[in-house]
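Make one complex out of these two single chains by using the hints.
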Amino acid sequence: MAYHNRFNFDDPQDSYWNENGSAASSIFDDIRSKQESARVALDDLFAETPRPAQVNTPKPTTSTARPQQPPDPNRYQHGSGYQGRGERPTPKFMLNEPELRKDVSNVSIAPSECSFSSLPSESQQLDLDFSRLRAEHRKLQRHCEALRADRFRPPDISETIGRLFKNEPVSLDLYKSKKDKLALLDAAISFVDGNVILAVVIYIQRTVSEAIFREVLLERPEAAEEYVQYLKDWGTTEELTNVFNVMGRTADAAMYDFKLAMGAKTVHQRMAQLKKALVASFLDPRLSAEQTQIHRYINIVDRQQQIEVADSTDRSKKFTDFPRHAPLLGQPAIHTLYYACLYHYDSPPTSPDSPQQIQDLCGLNEKQLVWVSVGALVKQNRWPDVERSLSPRGLIGAITRSTGANLKSNYIPMDQLMRLIHAESGQPPKDLICRLLRSLPTPEERLMLAEKYMATEVVIECTQQMKERQRLEVYTNKLPPHSSDHYKALAALNNSGAKWK
Amino acid sequence: MASNYDDHPLGLLSELARRELVHFLESVPGRKELVVDSSLLRPLDRVASMSLLKEHEVLGVLPLRKNATLPNTSDVSRLYLTRACVAMTKEICRLICSDPEKNKAIIWVDRQLAACSRELELQGVLGTVIEFEWALPFVPVESDLFSLEIPIEVTATPTGDLWSAANAIWQFQSLYGQIPTIYGIGARADKAWKILKRLYQEKGEPRASPDQPVSHLFVVDRSIDRASIYLTALTYESLLHDHFGISCGKVTFGADVEAKTQNRSKEKPAEAPEAPKKPRLVLLDNNDAVFSAVRNNHMSAVFPFLSAKAKELRGFYDQGANFDKVSAMKDYISNELKQYKQQHRQLEVHIAACEVVLERTAAEGTSSRIELEHALIAGVADLAQVMDYAENCILMDNSPWQVLLFVCLASVTNNGLPPKLFNSFKDQFIAAYGIDYIPPLHFLAERGLITLRSPLQTANNFGQSLAGGHGSNASLPFLIKRLSLAPSSSDERKTGFQNPQKMSYVFSGAYTPAICQVVADVMMHGFNINELKKTFNGQVFAEENSCVPAERKPDNRMRKAIMVFFCGGVTYGEVAALRLLAHLNSFRILIATTNIIRREDYLKAMCNVSLTE
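These protein sequences, in sequence, are chains A and B.
Going by my numbering, 310 is the number at position 310 of the first sequence; the sequence numbering is gapless.
Going by my numbering, 581 is the number at position 581 of the second sequence; the sequence numbering is gapless.
So here's chain B without its partners, still in its complex pose (with noise of 0.2 angstroms):
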């Protein structure tokens, strides 16, 4: 089977899945269809492409969603692909219980857990199915950005996503050889490591490579830094997935976006009103130029480049017009006119994205809140000042999420709020968006995120490490001092957007994201394990499988690349953020990542509350 993914980063891993998948598909014979757990099916996409499942008779994929019925198709095998989970489980079995006479297979995406098998085992369906277990491996979103998909509520539970980190890396590791040096940092890169060591134990020791491309490989703990998620990220990709939801690299802009291209383009009027139009799907990667150039710019750089950018392109078409000779026309034309008229379709979107973020930043009053949270993270905020603002963003009826994620961060570089201000916010909010929002408030107080400043704090504390230790982790304000990650002064923050030259320009110079810090802080000067025990609550390890002691730093003239793994979730912020210190030291940077943060989808998931609610 010829392939274009062999000179993709780790395109082994997706060969070999794509290969595994191929495998179940022929072990069930005939014609078949896949019902797809809906979170998968772009991770799906991602490793096998619609014409490979057709090659292997595959009719098509149907989502797998609650209460729907499929269509009944006779003489057609059906096979479920879905995460093990209770919810999907269910509805599996009510598929299967309605048509038993059906020849079904379920695949289970990773494993299949105790809780699922109990399930088939109530409903009888056990026994009846041919199951399979099929380890996703991490999926290339970007030539430096893997993702592993998981959804955000099961990252949110204690252990849900730590089996699947640590095979993902053992997956890893079995194809390109044994990682030289490993760092974990934070309680859960800790316990993701404990389940790795079983799966050497239980599956065998990866073999050093001299081809292994990842010299270091950092494990890192999502919630040791919180505030990169309240705080808002201002690079374009971040903003994008703010208010778009950017998923598995594609993107559906909403209906105002597609209003503002159609605008646009006058010249065909006539497609306009077609009302129900399904909504286009807009896949951003390194092949948009225009994308490729500004997704990782701060919004302010933004715009001058996209005008630029449209200044030029009107150049080339101008160049069009002045040509002498018919054969220089004619190859203008033919071939680069397509291109530009390519480059014209992607500028279009993206001013039109640009400029529904902007008007929707301004309906929300975000410049006010922007400045908030800079005074914030600078610990300069006066906390009445910035509860009113939050009393206002209630009383416009913003959207409820972001007035949290507002005072989850005024609540943890505060260290708790005072509780006069704490009663009055929760009284505002509890009146404004109705007495729904109790639980999700308390399950707030409960992980540590908005909590009152108080004796009752400690007795807090305590039912925290009993819910899976996330009171644990070293408070903002101590890591922020610890590790610098305010600028000392104000003027030094407010330079060069631009061209930034900081990680902290993501944040507009307030703060530098504390995992990259980290990361940085190795790459510069090697791993000082005893600083970095005291700064993060002993929670750290490191690992050496090769001659190089793991305090050395890491060397750029190796070629090899460095992994940062964030169990828990990574934010564009972050991305964007690592990506400049890879380009600044010129190192090779691969992010890989449980899954990637829409900051209200994070917020949701800590609150226990379903996403679609």
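Isolated chain A (complex conformation) (with noise of 0.2 angstroms):
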């Protein structure tokens, strides 16, 4: 309010032009005097010129009422406008100068002692003065109405964008229609910067129903990634996920329900979300995969409950020379397959830890469970084991193993099955590598692998059997000597049987 009263030019003593009189009289008192003794002076010469009215009534009410006074800033301000227009000097000017005062005094008193033709132009020119001036004051008048009623009324809309965009100051308060509001968000869509559509969605959710402003999140999409993104960041799944299922994308909706109930704290917690997640969001026909996958989970956590109560009070050899090191609950399903390998390999196939009886309720293949059981038998050195499940199932395998033939892998590529034999404390026998190794269809892969696991008895007969002597021999020199392979080794180089190239 201190605008108003400032500036309230209803109020004649506010005003400067009745003020004119109030300075004056500190001031401009013998001017005014002079001036007006002149005025007189030309009255009675001419009896014509005509005499503005205004600029005598005021005079006596504001002498009275500020008549001492101090200069206050309003007057300045006043002043140099004045100044700037006028071009006559401001009485804050001249409070500090007497002695300019006494000029302007000269000046003024001039008109009454200078040549009788200069008398009525002086005048005229006062004259003019006055009334440009209550032009201008006019005008500044109007102009400041119209600013002080504006203070209220929106500003105008790409100006307001503007402003977001450069990061300045601004209100978004005023634009209280829908209409506005929209026409703001359409704006700030048109400059493509995310922060501007973000500053205005922020105050459109703010102050709308939240049913409109869910309108206009589907309305517009670049609005809606926005507003998405900012609840992200934020960190509040609700509000998130209701977004998402009113813009029809339940996917997403039911990510981030999966997501908060994958954040409980114990496995226990995330099974009651879990539950509750997929009745509540994993509806949408499309997530059908995800529904089996969770539901899948759930009975696995189940049974692992009941393995780890019956294991936890096992003392049996298996688990101290294997020590567990992570708790089996919550664990993916191939680690549960693994596990089971590992401690229950001999569990009768209906026992519910068995691995057979993992493997149907994880829905898992066979290739799986081959490549899962060899890793756990060969960490346990149980060779003839990783034989039986590397072979083929029924009455071929029982044949091969009995027999000795070569040994094929359906679901492991040799390297790696190589690899995965190797690994860690596997010493695996020598004949089962070498009939793993035959049975890789060209001497060259054969070579290769043999060589690297130091399988002799395949290495010599792929390099008879491709004519490389030279390779043998330096193979033969890499084998630690007076050990079996290597006089093997030598045998086969000294052979002279052998056809070399």
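You may find that some hints are simply not true.
Below 20 angstroms or equal to it, Euclidean Cα-Cα: the simulated SDA-like pairs (lysine to any residue) are [as the list claims (entries may be wrong)]:
{"#": "1", "chain 1": "B", "residue 1": "K197", "chain 2": "A", "residue 2": "E159"}
{"#": "2", "chain 1": "B", "residue 1": "K250", "chain 2": "B", "residue 2": "A293"}
{"#": "3", "chain 1": "B", "residue 1": "K90", "chain 2": "A", "residue 2": "T237"}
{"#": "4", "chain 1": "A", "residue 1": "K367", "chain 2": "B", "residue 2": "Q385"}
Which bits of chain B does chain A cover? Going by a derived footprint, with three or more residues having C-beta under 8 angstroms, they are [said to hold, decoys possible]:
{"#": "5", "region": "15-25"}
{"#": "6", "region": "34-43"}
{"#": "7", "region": "389-399"}
Not close to chain A: a few residues of chain B, all C-beta gaps over 10 angstroms, as computed [as the list claims (entries may be wrong)]:
{"#": "8", "residue": "C97"}
{"#": "9", "residue": "T159"}
{"#": "10", "residue": "G160"}
{"#": "11", "residue": "G177"}
{"#": "12", "residue": "P213"}
{"#": "13", "residue": "G245"}
{"#": "14", "residue": "A310"}
{"#": "15", "residue": "F316"}
{"#": "16", "residue": "K341"}
{"#": "17", "residue": "H344"}
{"#": "18", "residue": "Q346"}
{"#": "19", "residue": "K426"}
{"#": "20", "residue": "P439"}
{"#": "21", "residue": "R482"}
{"#": "22", "residue": "R557"}
Think of the hints as simulated: they come from the structure by calculation, not from any bench.
We treat Cβ as the ideally placed atom computed from N, Cα and C, and that holds for glycine.
Below, the structure written as structure tokens:
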């Protein structure tokens, strides 16, 4: 309200023009009297110059109202405006410089002492000045009124958005109507800048009902995208899933529900929340695969709980040989299977902790079972079982095993199988390696792996087959001297029966 | 203030940023400490050295981390330097509220955001702190590589990095003058350009200047070519980045490399067994003579070079033993020996790093992966075999992100996977790595990276266009054909990685990065906007600010550089390819980017997974 008080033009005593007298009361006193006398003289002479009424009328009121008032800043302001336009010395200026005041008074007095002909033009000048200033005053007054009225009227939308873009302070609260808000949002979207869009979106979210806000988001994907990003950053999952659901992005909503559920501290809480999420958000037919996976996981965890209870009291040797590092609970399917292969490989196939049961439960395929069980069996150095799990099931498998024929791995590529059975503490029997390697189709592949894994017999066979004596020599040199492999290799090199190149 | 940055390319940018920072430091009187968002530590170091900060009464630089407490120092003002993001703002609010009496200020890198200012307001911090905005310019990573170092999570959002990108280009133009010719390709480039236009309106249009070092600017959307990310680039630098993560030209090798270098330097066995040694930071730039020679080499050419270099050094050392005169010996020791010693050390580090990279790639079976990748790009791969390999990788317990990268490539090269393979892959992936990976797989599908080849795809695409227009890109097989990115015959590719003549060498000749190919085409034949519009779904623009028509090809006699700005990140493979292009055509190419992509991190960002998980 200070502004209002200061510039109330309606109040005569605040207006400069009304104040003119009061200012003059201290400064222009003598000038005014001289001027008055001059004018009287003028009127006497011509009796035709029009005299503005206002000049005289306010004088008595203001001069009595504030005769000795010290100069206040308002007056300076007006004075300076006055100076700029009217090219007359300001009151402030004159207050500080008494000599100048004298000068001015001399000038003002001048007309009365001047030549006769100059007098009318001087007075016209005064009138002209006056009317010009009055026009100026009116203009400024109008402008000021307009500004005052505009304070609470929303500024131009493009200006507001421009200020937002430049990060300058701006108030959005004046855009009250829905139409304005939407126009504001559209202007923001046309700026492309995410920050501007978000600023407007937050404002709209704050000021309209939820239903309207949702509608706005639905119609303007750019705005929705910014809002979603904002909520993600903010970490408010509930609102986020709401927004997704409203926008028809149920899959996204389900994912965030799911993430929230997985964030639960204990496995039990997690299970409870997952079950809830399954019912609440995973209804979309497009998410049926995910739904199955979660169901399966819940079943696995149930089974893991049973196994965990049974095994925690078990003090048998395998648990001391391979101490458990982490609790089984919550582990993925493959890890559960590995666990079963490591500790419960010999359980009857119907027992809930047997690998076969776990495989069924988790919906794992044969490849996964073979791969994982080989890994677990190698760790326990159970080579016959490794062989059994690699060979095909049923009668054919039994025959190949008993005859010691080549063993073929259907599921695991040979280089990976080799790495698997040489992993960690694995010391596979040479015979097994040789039989595995012999199943490879080309001698070149066989030789490469045989050299790498020191399967001397296979190296000898292959080099002989490929007639590469030199390669065998190189290999022989790498073997530790006086080992049986070394002797074998030497014997092969010295064998005169073999045909080298 | 004397500065040695003036002779650097685009040095004015850093200089300006430095002065601005000093101004902020001086606006907070007294001693102060700088608390810096950890992603900004290295860029800050590139712009303002510690000694400069010390000159302006900065006692120390502390990293701003989640839930970390800061040492309590009285009488010291605290300046927070951070990118505007909600998480960091929350953190700052927490710190400020815990010590409200302290004199503090926040320097927002690039700008203050509405979301952050709301957080400050909510926490009641707004008004109690002084806020500054500091526009971080292109950080010079190398003399031809400039990065804004925007975190990858931000560049993965639809509009997060656009303003910063546009502002950086504006900043550059305001200092060096308007760039005469500008080309833009891709949706993101288009958006950045719209923002730049607004900046012209608000901040003023740059004036043309004869000293402008850049004659042509390409603004390119990263997402028009994702294959360059999924494919394994085999240049030394990009392998180092994949395995160790180069950040702002610096790398911390893991313990295995450290161990190898220590084994080699047997002269000093005493200092070896100090367990919790701080990992050594190695600066990788052209001042490292060994690195500058091999950084862009194909991996197959790196070891020959390193061993030749080792022999050469051996020769120099031997030379030292054969001096007759004492003065010559003295000269040798004082001048050359030091240099050789240094090269020796560098050689040691790089050989160790190479070995570790090779060991790791061998363990993951990378060679068969690369073969399959090449088959996929050439369009001759058997998808069943490809997915079988992916399954093996899963069972081998390889990094899930590497598996996903590989499958992404399989999906984009085939316009999606057939339902049977897709579902079985999903099941096996979840079975091995846990159901935590359900959301990532979902987001990958949504962004069109691993998708189902089925009628449902159209529905997915609809969702994508809502989610930020990722679906509007041209498909990879189409691009490969149209820009002839893959060699026509297999003999063509297996030649000359030692002394490459084609940009495709970064992917062992199997694929030319699409963006680099576009730049090369323009360089050779000029900018044909209609053809490019057909290639990139019409999201192409050209703007000429000089009398030279935009269609005309750039001229290297003008001695002006071409700048390629990657909106959304660049890979080191592309950097190497562009360097080769510049070298072969005697052009100067400046590469500017929002960030340098490490492919695992890129994929994580695409899956909305935070990088620390």
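Now the hints, each set against the structure:
no., hint, verdict
1, B:K197 - A:E159, "holds, 16 angstroms"
2, B:K250 - B:A293, "holds, 17 angstroms"
3, B:K90 - A:T237, "holds, 17 angstroms"
4, A:K367 - B:Q385, "holds, 14 angstroms"
5, 15-25, "violated (count 0)"
6, 34-43, "violated (count 0)"
7, 389-399, "holds (count 4)"
8, C97, "holds, 18 angstroms"
9, T159, "violated, 3 angstroms"
10, G160, "violated, 6 angstroms"
11, G177, "holds, 23 angstroms"
12, P213, "holds, 28 angstroms"
13, G245, "holds, 24 angstroms"
14, A310, "holds, 24 angstroms"
15, F316, "holds, 33 angstroms"
16, K341, "holds, 35 angstroms"
17, H344, "holds, 30 angstroms"
18, Q346, "holds, 32 angstroms"
19, K426, "violated, 6 angstroms"
20, P439, "violated, 4 angstroms"
21, R482, "holds, 28 angstroms"
22, R557, "holds, 38 angstroms"
In this structure, the hints that do not hold are numbers 5, 6, 9, 10, 19, 20, in rising order.
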